[in-house]
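Trainee: Sequence:
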Amino acid sequence: MVIYGGCLETETTFAITEKPKVEINVMSLQDFLSIPLADYIRNYLRFGEKLVKPPLIFAVNYFLRDLRTGEFLTDKLDKHVWVKWMELRVNGDVDAVETPTGRIPRWKDLAPLFKQLLGKEYPLEDYKRQFTLRIPENLEKINRALAFWRGVLNVPGEVLEIIEAQKGRLEKARQEFGKDYISPEFFGGC
Numbered sequence: 000m001v002i003y004g005g006c007l008e009t010e011t012t013f014a015i016t017e018k019p020k021v022e023i024n025v026m027s028l029q030d031f032l033s034i035p036l037a038d039y040i041r042n043y044l045r046f047g048e049k050l051v052k053p054p055l056i057f058a059v060n061y062f063l064r065d066l067r068t069g070e071f072l073t074d075k076l077d078k079h080v081w082v083k084w085m086e087l088r089v090n091g092d093v094d095a096v097e098t099p100t101g102r103i104p105r106w107k108d109l110a111p112l113f114k115q116l117l118g119k120e121y122p123l124e125d126y127k128r129q130f131t132l133r134i135p136e137n138l139e140k141i142n143r144a145l146a147f148w149r150g151v152l153n154v155p156g157e158v159l160e161i162i163e164a165q166k167g168r169l170e171k172a173r174q175e176f177g178k179d180y181i182s183p184e185f186f187g188g189c
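Going left to right, the sequence shown walks through residues 0 to 189 as numbering that gives the first Met the number 0 numbers them.
These are computed hints drawn from the structure, not numbers from a lab.
For clarity, every value in this text was computed on a predicted model and none was experimentally measured.
Hints are not guaranteed to be accurate.
Claimed, not checked - The calculated lysine-lysine pairs, modelled on DSS-like cross-linking and capped at a C-alpha distance of 27 angstroms, are:
(1) K107 with K127
(2) K140 with K178
(3) K140 with K166
(4) K78 with K107
(5) K127 with K114
(6) K83 with K119
Start from the sequences and build out the full structure, keeping to the hints where you can.
Mentor: So, in C-alpha cells, the structure goes:
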C-alpha cells in the first residue's frame with residue numbers, strides 16, 4: 000500500500016499549469032484530505048496491521064510506453080486481461096513472480112487469457128517489454144517519493160523504511176544482474 004498508494008504520481012495538464020508536471024499525490028486524493036497527511040497514512044498502516052487476511056493489492060500502468068519508440072505498450076482493451084488475471088490470482092488459480100517492486104503475472108498465464116478474452120495472440124516479446132524491470136525509472140520515482148515524504152511533518156518512520164527497502168531491492172537487482180533493464184525471464188516469469 001505504501002509503495003503503490005503512498006508514492007502515486009499524477010501529471011498536471013497544460014490547462015492547469017501551462018506546463019505538465021509530475022507530482023506525488025498520495026492515494027490520488029491528497030487534495031481532499033481533512034486531516035494531516037501523516038495522520039492519514041498512520042491510520043492506514045494501523046488498519047493494515049489489524050487485518051487477519053490482508054487483500055491482494057494490484058497496480059496497473061495503462062500508460063506504459065516503449066522505451067525506444069515512446070508508443071503505448073498496451074491496447075485499451077488489454078485491461079480485460081489484467082482484471083481477469085487479478086480475479087484468478089485472488090482465487091488462487093494462478094501464481095505470480097516475485098520481483099524487487101512486487102509480484103507480476105507469468106506469461107504462461109496471460110497468453111491464454113489474451114486468446115480467450117480478446118481473440119489475439121500475446122507474444123512473449125510483448126510480455127518482456129511490458130514487464131521488464133526499469134531500474135533507473137523506478138529509482139527516480141523512489142527518490143522523488145523520498146524527497147516528498149521527508150518533507151511531511153511527523154511522517155511515520157515505517158513509510159520511509161518501506162520506500163528505502165524497495166530502493167535497496169532495486170539497487171541489489173542492478174548489481175546482481177549487471178543491468179538497468181531486467182527482463183521478467185530473469186525472475187522466472189517466462
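Trainee: Now, for every hint given, state plainly whether the structure supports it.
Mentor: Evaluation of the provided hints:
| no. | hint | in the structure |
| --- | --- | --- |
| 1 | K107 with K127 | holds, 12 angstroms |
| 2 | K140 with K178 | holds, 18 angstroms |
| 3 | K140 with K166 | holds, 10 angstroms |
| 4 | K78 with K107 | holds, 17 angstroms |
| 5 | K127 with K114 | holds, 18 angstroms |
| 6 | K83 with K119 | holds, 15 angstroms |
Checked against the numbered hints above, the structure violates none of them.
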